[in-house]
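Student: Residue numbers (my numbering), protein chains in the order written: chain G, 1 to 790; chain R, 1 to 193.
Treat the hints loosely; a few may be bogus.
With a Cα cut of at most 30 angstroms, we get these calculated BS3-like pairs of lysine-lysine [to be verified]:
1) R:105 - G:80
2) G:132 - R:105
3) R:79 - R:105
4) G:543 - G:553
5) G:195 - R:105
6) R:105 - G:500
7) G:80 - R:79
No lab work stands behind these hints, which were simulated from the structure alone.
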Amino acid sequence: MAGKKTIAGPSNHAVARYLLTFFCFALLALHAARTIRVESDFTAFLPPSTTPEERLLIAQLRDGLVSRLMLVALQDADEKTLARASRQLAERLGRAPEFDYAANGSLDQFVAQGQVLMRYRYALSPAMSAEKFSEPGLRTALEEQLAQMASPFGALSRSIMVRDPTGEFLAIVRQFDSGAMPSLRHGVWFSADGKRAFLIAQTRAPGFDSERQGLAMAAVRQALSADSPQINAILTGPGVFAAESRRQIRHDAERLSLLSALVILAMLAYVYRSPQAVLLVAIPVAFGLLVGVLLVNALFGSVHAITLGFAATLIGEAVDYPSYLLLNTAAGEATRVAARRLRVTLALAVLSTVVSALALTLSSFKGLAQLGALTMTGVLVAGLVTQFLIPWLLGDGALAFRRPTVPTLDFLARSRWPAVIAALVVAAAVGWLAYQHPAWWQRDLAAISPVPLQMRLQDAELRREMGAPEVSVFVASRGNSVEGALRAADSVLPVLQRWKREQRIRSFDSPVWYLPAPETQFERLRLLPAPAALELNLARALKGLAFRPDAFKPFVEEAAAARREAELAVPPISLSSFAGTPLGARLNALIVQLDGQWLVLTPLGGVTDPEKLAQDLAAAPPGASQLVDLKRVSADMVDGFRREALSQAGWGAVLILLLLVAGLRSVKRALHVALPAGAALVGTVAVLVALGEQLSVFHLVALLLVLGIGLNYALFFERLAVDEVELSRTRLALAVCSTSTVVTFGFLALSSTPVLHAIGFTVALGAILALSMSALWARRNRLVPTGAVR
Amino acid sequence: MSMIGRVRFVVPFLALLLSLVAARVACADSFDLMRLMQLLSAAPVAEVAFTERKYSSLLSEPVVSSGKLSYRRPDFVEKFVETPRRERYRFAGDELLLLRNGEEKRIPLSSRPLLSAFAASLRGVLGGDLALLRDHYQLALQGSEPAWVLELTPLDEETGRYVSRIVVSGHAGRIEQIEVRESSGDRSVLQVR
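Extracted from the complex, chain R is given alone in its bound form (with noise of 0.2 angstroms):
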């Protein structure tokens, strides 16, 4: 995507969001990260489908995969990849479990940095956890609550090669959509259906 179309994008949909937090703001029922966080971590224990598309420059079109996301509190995600191709990758405690190709493969999460920062992307946008999302991630919501954006840009500097940004948004407590922006300007957007 051209950054004209983004920020053509971008910019009505912000003034739509400022015009709704104004409102909230007027409720007198204001919408912050921690009560966003809140809602997230009182949203039932789920496990939902989803798509992704991975949208690169090497590519002609974008690669579309499908599959099932869950999580369980405290630390349990699972992205199971079912097409094109059967994948698992499973984070507990303190490891990520990769499951592909019929091979299993177990990485320490503390190994890497940028592995730890994506594991606390994804428990700390499903469980609700600001603490762990703060601990990688420095943090801006827009949006209120039936329709927010969080941005997570990586602390690290290490993670920050590969990741400029990921930007979750939803409605109260369901997540709707991920986006990982890669430094190189590609990008991959999981939806959720």
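Only chain G is shown next, with the shape it has when bound in the complex (with noise of 0.2 angstroms):
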């Protein structure tokens, strides 16, 4: 070891240290492994719900109907060869215990379903009447039905036909053509082109557990390459983003995290050509990292996937103390020394960190509260490793490692013009975003998810070519049971009725259209008549006609029974009829509880004038149904996180001012660290703009970072020095520091996952900023004054 011949002292006892230091460090990393969850629910990450409305979109977005919903394309093979295997697929699909159901349009897909509505249908049909059932309504149902079996589609409708001649299986089956689904080609789904197959699973699995999505996406291309390997598959939908974002995030955390601490290693090596000093480097970084992310698995009952993704970053900033002590320790001198030399500014700069990171600490966000925890305890930890537990290890002795020189930026100093630039851009920036807000703040929920950017777009595709309504837009209902809310659900039919039909909605769906309310059903069937009257009503309708006159025994058998259904207690329609049926799990994803009431979702497509809507519904009596725009609420709920998140900052930098103050014990000190910093802040935000980029949340995060270490930076800068050496030696330590800095949050920006890639660019662009700002507005003479004490 290059360090150790100047080691005072019996070597054994810095061994001795050494191992006591690796033994301890052993240890958390045992309870770590022992105790450390890791879970990857994106709603972690999503703003906290306060309103019922909120909380209904979360519930929707983690497990409601949408949420399980799986679009699958097929394509790269001939029409032919599509429809068989799409025909195929959702045969086995349907068996598969990953799925629900499998729809792919096809007929004989939803016998068992038909069956269940014809079996129902004189309490489900919205076109009941008595007329119907009267000689003359009859006469007219007859006279159709005598015509359509003369056409040459007849036989489509004959085995239908004697079971209900006055047509109200259809009537139920006509409303649920929303005019929004696929084109059919050969009998199942088809992109307008022809090209793409289409199906819809519907997962057992919730949309946020990506662990069983990703089984189902599995079973998908099992089936598939099982029956047409020659097949490929799109898959898509929020379960599919979920299962893809948590492979994407552990890939991208684990390589990204590993090449950058590769290249730094690297670095540190060719910087300092000492395994020693490498080796004191990396371990407050190591503590630091392992209590952080202890903290917060103790806090937190688990470390969310992008937490630990974004603990990698933290490298970034905590191997600064240690470079920065080691750094500025002189030739000869003991570390011991120099770490009381250096307190104040090391205290200041971790201290800085740990405020701008409290602000996200005491986000009401889980997943940013985490980030905070960890940042803070990280910083903390690494930071007091540095000032204490390194010159321990150390001892009496120097380290000896080599010292390059980096050359000095003086040529920057020596003309005022260069700072009095940036200063005219820095105010130019302001000025630019304070007129271009708030366009600048993404205000989509969609945008903040971690799924990347290419996916959301085929997503999107699909949904269009399939004409899949997006279902962001519907009608809630409340009761306080199951029936109260299907009652409240059927009062509000009349007005959508009413906006379709002057289509200023494009389409509804009504789970009442498949469950009426108990009032409803038993409605409908008092409409039929008494058996011996429609038996007498049927005879002389039939009169006349070419039919045999026991042609419609089955409709009289069936409408006697569906009479007597009427008398009893209970509705003959429940959930459970639809059992194992599409409708079955579409009805359990439409009728939810929450808060203890019930909840009926009408799904809406195409809305055109959301606020009227809102103002009719809440008309219609009894008024327990409500517009709900999931879009809009989480735009509502990302701007109150995006207010809560700058007034924290806000603290925070306030906080910050006035610990630079104390700390410094001068006003114009502090702003000289802090004027940096806060430009490096301005100047990122001012070119992720121009770049076309959306605030989210996570550039907040960011941006929070790129506080600290530009603080960090300037503090380092600040430091008076006296003599050239030290000048040298600190050029030197911020050579080191931007440079690990830049290396890590650079391999971040490469990710393709939007959050790690929005931290990784910003905070790269930050510290580059940060450092640029730092040395352009650095003091110019930056030797202590000869006699002054410091």
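Need the complex rebuilt from these two chains, each delivered in its own frame; the hints are there to steer you.
Tutor: Structure follows, in structure tokens:
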């Protein structure tokens, strides 16, 4: 070891200290490996929900109907092959334990469901009336059926006709035709150009359960490769997003942190040329990370995958402290002495980062609170280890390592102009950002999701091709029981029907179509005449028609059975009537319990005037229904969060300034430190906005980091030096620190996960700007005036 | 019609056909699918009047309708029912246009196998398109040029659930009768007048 020969005293003491340190670390690591639970529920990174609408939004995003729907597009084969593959896949998935059902538009798929609808047609049909079962009503119906029978497609209606001559089944099915279904080819759903066959599968697992969603995806691929290995499939949907982003985040976090760790290690090795020095630099980082992660796990019960990914980035900041200490140690000086000399600067650097992370920790956003706690703990522990453990490890000896010289940036200080120009640019950026405000805030919750943009675009494209409505607007009808909520949903149907007729909404999909409120069911069944009367009406209506007199016997029998159900205590149709059918799965997802109440959700498509519709719905008695626009709710949530984050950041900034004034004992010096960091923030935001980025929560997190790092640099720059040698040491320390930061976060910027990319890019950019600003605005004379006491 | 009745009718008819085929072979002018298609495709563009009878176990007497069937190459087929009430079924391109009760409905043929198979039977037979017919049906030809019978059995499973066979008969390039036998046992017989 290069440094050994200069270490005074018995070296086995030093070895013992290292061993003790290593032993402590190993204990901690063992504890961490045993206790830490990693989760990847993306909703941890959604803003906290406070209003009932927001709780509904989060519930829907986590495990609502939309979150469970997986879109499968089959492609790269001719139409017939695709159609066959679609049928085979639908059949296999229908039997797979991962799915409730898989729909592909084919008729035979809905046989079971059709049987249920047919069975309960007299309670379900919206077209029921007493006149239809009178003699003239039946006569009209029978004449229509006769004409239908003689038509080229008579074969299709034949079996239904004898059971349902008045066409109630058709009236039920007609409601479902939302006009927003994909086109059919060979009897299954296809894109308009015939290049893709579509399936929609509802997973049993909720959308946020990324692990089981991953299994469901694997089941699709496996089923497909068993039947038609030549066909390519695109899978998309919220569950797929969850599974994919989990995989992606894990992959990125592992790969990128490994890469940046290797590069930093290489750089440190190059600078120090001393394995001991590199080890010393690594110790604070390792302890900081480990203690931070353990604390987060203890506080929150688990550590989010994104937090872990972010933990890697802490390396970039925590590695600065030991580097700053070691590189500022004069040749032959004991580290302990240097630590004492640098303690104020180090303490301020650590504390300012802790304060900036405090804003995060106080966030009501669970994911951000985790990041904050991790940063605070990690930095604090790294700082303490640097200040106390490293000098203790080194003892009285001095550590020998290479101190390469870094060219001065004095040419910048020779002229005032660069500093003035920089100030003007920053002022212009502030003005420009103020003028553009608030257009550069990201308001779309979807954009905050950890899902790569490319996947979201593909999802949007498939949904457009499918004509699948984006279920973000719906009517929520409340009740104290399922029946009560159904009654409320029933009462808004007239409003929705009027709006659809006037083409002010494109479609709606009401659960009461399949599951009417009990009163509605009984009311409809009572419209059926008594069996004897019906038989008489039918016999009279049949007179003179070509039908055999007994042709409609099934109709008479089934209508009589339905009439008897009107006298029962319980309505014939309940949720369980649809068990095992696609409609059953759909109903389960659209009838939900929230805050002890029942909600029936009626998804809407193509709403033109949400405000007016909300008014009309509120006006419909009994006023238990309400329009919910998930996009709006989410935008409001994001706005609310942003306000919270900004005010916390504001308090954080004030705290940091106070801290600096107290620590440096001078307002002027405090400003000297704060201004470059502030300017770096403004510059970073301006560059991001100029590049067309919209600022999300994750940018805010990154900006807080920029603030912490910027303050560190400014503090290091601001420290007065005794002589030129010390100035040169500071330059070296700053060069090493900034390179490690830019490298770590630069790697993170390469990630395809939006969160990691946003943080990486922002911090790397911010670090460069902070360094430049600190250099530009540094004090002209940075040597301690002779005779002054520091 | 009972099975016995059908057999009683078909057997002598087949014997007659076989003898005619034998005669044709003797003349060294074989009559096969290729020849039939040739004849059909050479037939002039036509509009013919028809009478259609629907037989069903649900009916005490057949329902009779009449109208015009027209065909224009390559793919325009229109069945215009005049009595008992006016209805129009027009196949053009990949679309079925349905006009009845003053309502108009358009359905893409490719949406349902049954529809495309039905359109193919009309277009294939009227235009003499062997490839189109073979896409959707198994073909069996019996008889000779003056009296042929072409049987179409649907290949598609969904179509087969409703239609068991379509039997077309005619004389040289002229179609005389199209009979659709449904899987339910019902059948409709369209006769060209």
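Student: Confirm or reject each hint.
Tutor: Quick rundown of the hints versus the structure:
no.: 1; hint: R:105 - G:80; verdict: 26 angstroms, holds
no.: 2; hint: G:132 - R:105; verdict: 25 angstroms, holds
no.: 3; hint: R:79 - R:105; verdict: 15 angstroms, holds
no.: 4; hint: G:543 - G:553; verdict: 15 angstroms, holds
no.: 5; hint: G:195 - R:105; verdict: 26 angstroms, holds
no.: 6; hint: R:105 - G:500; verdict: 20 angstroms, holds
no.: 7; hint: G:80 - R:79; verdict: 28 angstroms, holds
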